[in-house]
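Trainee: Each chain, written out:
There are 2 protein chains.
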Amino acid sequence: MTLSPPVVGILGGMGPAATVDFYRKLVAATPAATDQEHLPVVIWSDPRVPDRTAALVGDGEDPTPVLRAGVAGLAAAGVRLLAVACNTAHAFVPPLAAAAGLELISIIDVTAQRLAATLPAGATVGLLATEGTVASRLYHDACAAVGLTVLVPEPAEQARVTAAIAAVKAGTADATGAAALAEVLGTLRDAGAEAAIAGCTEIVLALAAGTDADPVLPVVDPADLLAHEVVRRARELRPDPADAAS
Amino acid sequence: MTLSPPVVGILGGMGPAATVDFYRKLVAATPAATDQEHLPVVIWSDPRVPDRTAALVGDGEDPTPVLRAGVAGLAAAGVRLLAVACNTAHAFVPPLAAAAGLELISIIDVTAQRLAATLPAGATVGLLATEGTVASRLYHDACAAVGLTVLVPEPAEQARVTAAIAAVKAGTADATGAAALAEVLGTLRDAGAEAAIAGCTEIVLALAAGTDADPVLPVVDPADLLAHEVVRRARELRPDPADAAS
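These protein sequence lines are chains A and B, in that order.
First residue of the first sequence: 1, per this note's numbering; consecutive thereafter.
First residue of the second sequence: 247, per this note's numbering; consecutive thereafter.
Think of the hints as simulated: they come from the structure by calculation, not from any bench.
Each residue gets a CB set at the ideal place from its N, CA and C atoms; glycine is no exception.
Hints may be right or wrong, so weigh each one.
[What the hints assert, rightly or not] Short derived list, chain A residues pointing at chain B, Cβ under 7 Å:
hint, residue
1, P16
2, V41
3, W44
4, P47
Let's have the full structure, built from the sequences with the hints guiding it.
Mentor: Structure representation (structure tokens):
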């Protein structure tokens with residue numbers, strides 16, 4: 001018997017808490033009654049990746065070399081699918097995945113497609129994300145391609161989003177940060193947004209630190225959508241989850 | 247600049263939920279204010295590992311080949327430390343780690359040493375674990391080496407422990423399973439145990455599904471102890487967490 005390598009590779013570490021959360025969502029998205037029915041996965045979680053936003057909006061160090069090392073490590077492990085548990089990193093990863101021969105399941109594209117399938121044509125969607133993701137226009141472009149318009153917070157409000165993300169990365173997320181995000185969501189709703197994208201893997205964790213059970217706007221979680229799409233695609237590639245023969 | 251490989255390897259997938267929980271504990275155990283201060287980690291989570299208990303107490307398939315493939319995959323990724331997020335797997339892993347040149351940080355030894363440091367000499371410790379871990383006598387031997395006696399549940403009570411573990415693996419953990427574990431802990435306490443080992447990575451998750459805030463016996467969580475020891479040892483090996491040069 002030759003054991004086939006794990007089919008799913010997760011590039012994480014941006015940040016580590018969001019990687020924990022993404023793998024938790026992947027496990028929860030997998031229909032399985034025993035260990036053996038879950039997906040074999042390799043997670044490359046190297047938090048030394050330089051800040052993606054600093055590279056996109058300023059003169060920060062290029063994260064490409066560390067991202068390339070992670071993609072190469074996953075490819076060497078034999079995975080075929082690549083999921084990246086960081087929205088902002090999608091500004092850098094597509095050519096690295098292609099060069100390594102991995103099929104990237106884009107968190108951006110999966111989210112835009114889901115929004116297009118559930119919102120009225122031409123709807124406006126708010127975006128809570130890092131300044132890097134906002135500046136990269138990743139969600140703007142993917143949503144425009146499916147007929148949706150993206151609305152981003154004004155600079156003062158964006159600063160509150162950035163602070164809430166930083167608090168999760170520092171392990172200090174609290175109800176204050178969640179309340180700030182709720183106010184930003186309210187402003188986006190008042191400006192015409194019909195839903196919002198939690199477009200940074202830390203945003204959902206920041207919102208969860210609050211006590212408000214009723215969000216002012218429907219919030220879609222790209223990490224959760226990505227988890228379900230990874231399960232669907234992995235099962236297409238290897239229909240029998242217990243298949244151990246290559 | 248040559249990027250050094252991640253120093254920590256985690257062999258998981260036994261089960262996936264426990265792997266999520268272990269990585270969460272590792273992140274929580276790391277003093278860090280930014281992503282870049284966290285430990286670079288590779289997680290090999292292949293749930294195709296045949297049931298460890300079935301191999302230890304019956305005629306189940308030998309898990310060694312799949313475990314060896316995971317250890318080899320982590321070694322090929324360049325890690326130096328190996329943490330295994332499954333107690334029962336420690337009946338198989340030590341020679342595989344040695345053959346691959348990896349330093350195994352044993353969840354069993356870390357736990358026995360902590361118990362010896364916190365309990366009176368000669369104390370009795372209860373064990374909630376799989377039938378495989380019980381039969382392997384991993385904890386019996388490690389605790390005997392530090393002067394502690396391990397007490398295990400009677401067969402009917404062990405069956406309730408086994409059922410609670412299976413419920414976590416199936417994603418159906420609930421308050422009933424947690425209450426059953428609380429009763430087993432009560433029996434162990436009445437028989438003289440001064441503390442108990444949550445000696446299967448799923449036990450803490452099973453207990454957390456309950457509503458009881460006050461355990462009948464102090465329960466030590468080997469996964470949490472292992473997480474802290476991995477952080478300590480990784481920082482010894484690579485004192486500057488941002489060190490990216492090999």
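Trainee: Confirm or reject each hint.
Mentor: Comparing the hints with the structure gives:
Look at P16 of chain A: its Cβ gets to within about 4 Å of chain B, closer than 7 Å, so that hint holds up. The beta carbon of V41 of chain A is positioned within 7 Å of a beta carbon in chain B (closest approach about 5 Å), and the interface hint is therefore held. Proximity of W44 of chain A to chain B holds as hinted, the smallest CB-CB distance being about 6 Å (cut-off 7 Å). For P47 of chain A, the interface hint holds, the least distance from its beta-carbon to any beta-carbon of chain B being 4 Å, beneath 7 Å.
Consistency with the previously given hints is maintained throughout, with no hint failing.
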